[in-house]
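Peer 1: Read off the chains here:
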Amino acid sequence: MNILIGGAAGQGMETIAHLLGKALARAGFGVLAAKDYMSRVRGGHNFTCLRIEAETPWMAEQTTQLLVALNEETYNLHRRLLTENGKIIYDPELFSIPTNTGNLVPLPLESLSIKAGSKIMANTVAVGAVLALLNQETSLVETLLLETFNPELAAQNIAALHAGYNAAAKYCDGCFSLPQSGKIGQQLYLDGNQTLGMAALASGCRFLAAYPMTPATGIMAYLAEKQESHGVVVEQAEDEIAAINMALGAAFSGARSLTCTSGGGFSLMVEGVSLAGMTETPLVIIMAMRPGPATGLPTRTEQGDLEFALHAGHGEFPRAVLAATHLEDAFYRLNKAFDLAEKYQIPVIFLSDQHFADTARTVPPFDFAKLNYERHLLTAETLIKPYRRYRYTASGISPRALPGQFPNETVLADSDEHDEDGHIVEDAETRRLMTEKRLRKLESLAHEMEEPCLFGEQSGEVLLIGWGSTYGALREACTILQNKRVRASHLHFADLWPLPAAAIKALFPHFKQKICVENNATGQFAALLRRETGLVVDREILKFDGRPFLANEIVWEVEQDV
Amino acid sequence: MCKAADYLSKDTAWCAGCGNFAIREALAEALAQLKLAPHQVLLCSGIGQAAKMPHYLLVNGFNGLHGRALPPAVGAKIANISLKVIVESGDGDTYGEGGNHFIHTIRRNPDLAHFVHNNQIYGLTKGQASPTSDEGMRTAIQTSGVILPAFNPLAVALVMGAGFVARCFSGEKEHLLATMKQALEFPGYALIDILQPCVSFNKINTYAWYKKRVYFPKQHEQKDWNAALTLAREWGEQIPLGIFYNVPRPTFESRIPALANDHTPLGTRPFDPASLASIQNEFL
Ligand SMILES: Cc1ncc(C[n+]2csc(CCOP(=O)(O)OP(=O)(O)O)c2C)c(N)n1
Ligand code: SF4
Ligand SMILES: [Mg+2]
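Order-wise, the sequence lines are chains Y and R. With this note's numbering as the guide, the letters of the first sequence map in order to residues 49 to 610. With this note's numbering as the guide, the letters of the second sequence map in order to residues 1047 to 1330.
Derived from the structure by calculation, the hints contain no laboratory data. Quantities reported herein were computed from a predicted structural model and do not represent experimental measurements. Don't take every hint at face value.
What the hints assert, rightly or not - Keeping only pairs whose Cα atoms sit at most 30 Å apart, straight-line, the calculated DSSO-like set for lysine-lysine is:
| no. | chain 1 | residue 1 | chain 2 | residue 2 |
| --- | --- | --- | --- | --- |
| 1 | Y | 391 | Y | 532 |
| 2 | R | 1269 | Y | 433 |
| 3 | Y | 418 | Y | 274 |
| 4 | Y | 433 | R | 1056 |
| 5 | R | 1081 | Y | 485 |
Claimed, not checked - Short, incomplete list of chain Y residues facing chain R, as computed with Cβ under 7 Å:
| no. | residue |
| --- | --- |
| 6 | 279 |
| 7 | 315 |
| 8 | 319 |
Beta carbons are placed, not taken as given, at the ideal position from N, Cα and C, and that holds for glycine.
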């Protein structure tokens, strides 16, 4: 079941989607809400696709059964995607639709809202209407309204909800049937940014310095709200250069630190990434990608900054690059990013994108006991005096102490080339030894990288290869292909650098067509694969219009050539 | 207990006669007199001649990027509020490359002492104009002389609301020491712009040039902001030294919830991820 809720920014589509999504999640349905919005506060055309199934859907779908058109533009833009028995909820006092189109549900949303108490609850009226058409009770949304608003406002909204419900029921009482629902009250309903914010907090992150930039701002907002209750410090820096340098300072004196941004802000941070590499200061940087270059499409999605993440920062130093694939995985993988950063004393870049950041889904509760919180710090028992911040070791990892941790021992970090004590040097021998020491960390780091996960058989006709947030679309596309009796498998990377290559090397010979699917224009992962392994994919399916892949688009592309 | 000499490393790479030496000695003496043990002090700097200080003073150090001395200092202070944090860098580093951080760090008002070695030149890169170079100064880059008016750090600091604003001269070491001690004990952001002759590259603003001009204003009221601004704007034949303004306001740290009742460093507070499992309930 797909519902598309569209209108101009400021009309409250998000509230409709959120109330419906959360209520249906509580009722035990598998829910997904994907946002499509413009970079403006008023006007424009924004919509949310809500998909409801028995199990949590992986991706939104193109077609829709129910269109909630808060303005005429929504109707014009999306009516072609309406299925045969689809319904359209709209306000006939705002615009008219020729009566021969589909099954219209004309409801005076605004008038009903005014009658219930004020004009601004038209969106709540629409929620009531949708519930009626879905044959669902209003009670779950009532509870939500009571949780959200003060009693007076909640009462008004509940009146508006009932008004919408009753008015729509006259047109068709339960004309859609939802699948059997399962886990009542046992599912979380949240988006990617909330998942990453929560994972950071639960990983013991105590300091975030960042500068607001879509689509990363939601992470800041999540942690900012937890400042009073959970002792995390969130500082909005004057710019991204300050943000990364502040985060490094906080990490240096012992806090688990984070910064988050999108490509433009990351561009400003790049010298700081290099500083993290040279000073061997642990730091996690979440880059939520959006289409560039420059300001690009601020509220859209792309996987265009993989190469950038791999190479950002002058000089040669070790780093790790991990990616968010889906909520269930990203929660634990960000924890891994924090652990790797401190274990190896390196910058770890965690790639997300607008699609991952803004899509909400139902997931089972996370297992917090699985999260790691080991700080990899020197202890009084392991301290060798005098303390040397950059002591040569076989692993390349020098024991890390914090300033002030041990009486009479000082800690010196330096962005210049330095000796074991951290003092500035220029001699050739130390330079060579220090470079080798830093790069030696890559050897053990490579063993920490998880091989990509395989969905499907170990051999077959088609191997779909992806990374990051395309997981859902590929997984669903693969299932569709399998149902069509195409022998397809799906291989997906979450740990990207150092590239874990054993699994793909082993699988490659066993598939007829190897197809790399990426949300960018140049096939950056396929290039990385080629560079690291010599493996050349047979085909690349690329999408770079700022929108995420849908499963059927991938299926269609694959079928062109099977 | 440490003596001043205990804070000093053996070698420096500064030119003989450079004003940086007196600043280093004054700071070592100030730390000794305030009984700050080396492991309790963190010295942050950027890049430049002045910014090499963390290598020449035996305390904790974070020698970061050019222009970026302040942000790591702010982060480090928040993460461990018990550290005495000092930022030391050049005029180019602080007022040029790092100008944005200078402005916004003053707004934040973290408890740190900021000592700027103002030699009115880029020393490390061998003599280009800095934001504080006087108009008309010729260099290999500013071939017909600096055409921009000089940046006035003390006036900017006052206008941005800095609570402690002072000017010193490396040639007045006792005064520098006394002022540094006050800055180190000031609760909040404390700026000392220190006139520091660069004997190798600044042939205009020499020891003699400064010596002839600096004076200590009589009867200045340190709580009088307007009088402070008047002093800050005085530059030329007469250059006033001293603490121009000294009025504390609430520090950045005092307004951060995580630091309100707990002064344990953020990183060493006990933590168990499993204890946080209930935070996901808001999404149920
Ligand atoms: C990003 C960056 N740009 C430029 C430089 C080159 N650089 C190093 S120090 C410096 C200027 C130093 O002048 P100042 O801060 O006044 O310090 P001084 O050497 O005079 O003490 C410059 C331009 C650099 N290291 N990094
Ligand atoms: S170049 Fe100038 S500032 Fe640098 S050490 Fe020499 S005299 Fe001092
Ligand atoms: Mg200078």
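Peer 1: Would you check the hint for residue 433 of chain Y and residue 1056 of chain R, treating anything up to 30 Å between C-alpha atoms as holding?
Peer 2: holds (20 Å)
Peer 1: Would the stated hint for residue 315 of chain Y survive a check requiring a Cβ distance to chain R of less than 7 Å?
Peer 2: Cβ of residue 315 of chain Y sits 15 Å from chain R, so the hint is violated.
Peer 1: Checking hints one by one. Is residue 319 of chain Y an interface residue toward chain R, by the C-beta closer than 7 Å rule?
Peer 2: Holds. Min distance 6 Å.
Peer 1: Given the proposed pairing of residue 1269 of chain R with residue 433 of chain Y, does the C-alpha separation stay at or below 30 Å?
Peer 2: violated (48 Å)
Peer 1: Could you grab the alpha-carbon distance between residue 1081 of chain R and residue 485 of chain Y and see if it respects the 30 Å cut-off?
Peer 2: violated (37 Å)
Peer 1: Run the distance test for residue 391 of chain Y versus residue 532 of chain Y: straight-line Cα separation, threshold 30 Å.
Peer 2: violated (46 Å)
Peer 1: Need the status of pair residue 418 of chain Y, residue 274 of chain Y: alpha-carbon distance at most 30 Å?
Peer 2: This hinted pair holds, its Cα atoms lying about 22 Å apart.
Peer 1: Please check whether residue 279 of chain Y passes as an interface residue: C-beta within 7 Å of a C-beta belonging to chain R.
Peer 2: holds (4 Å)
Hint violations for this structure: numbers 1, 2, 5 and 7, all remaining hints satisfied.
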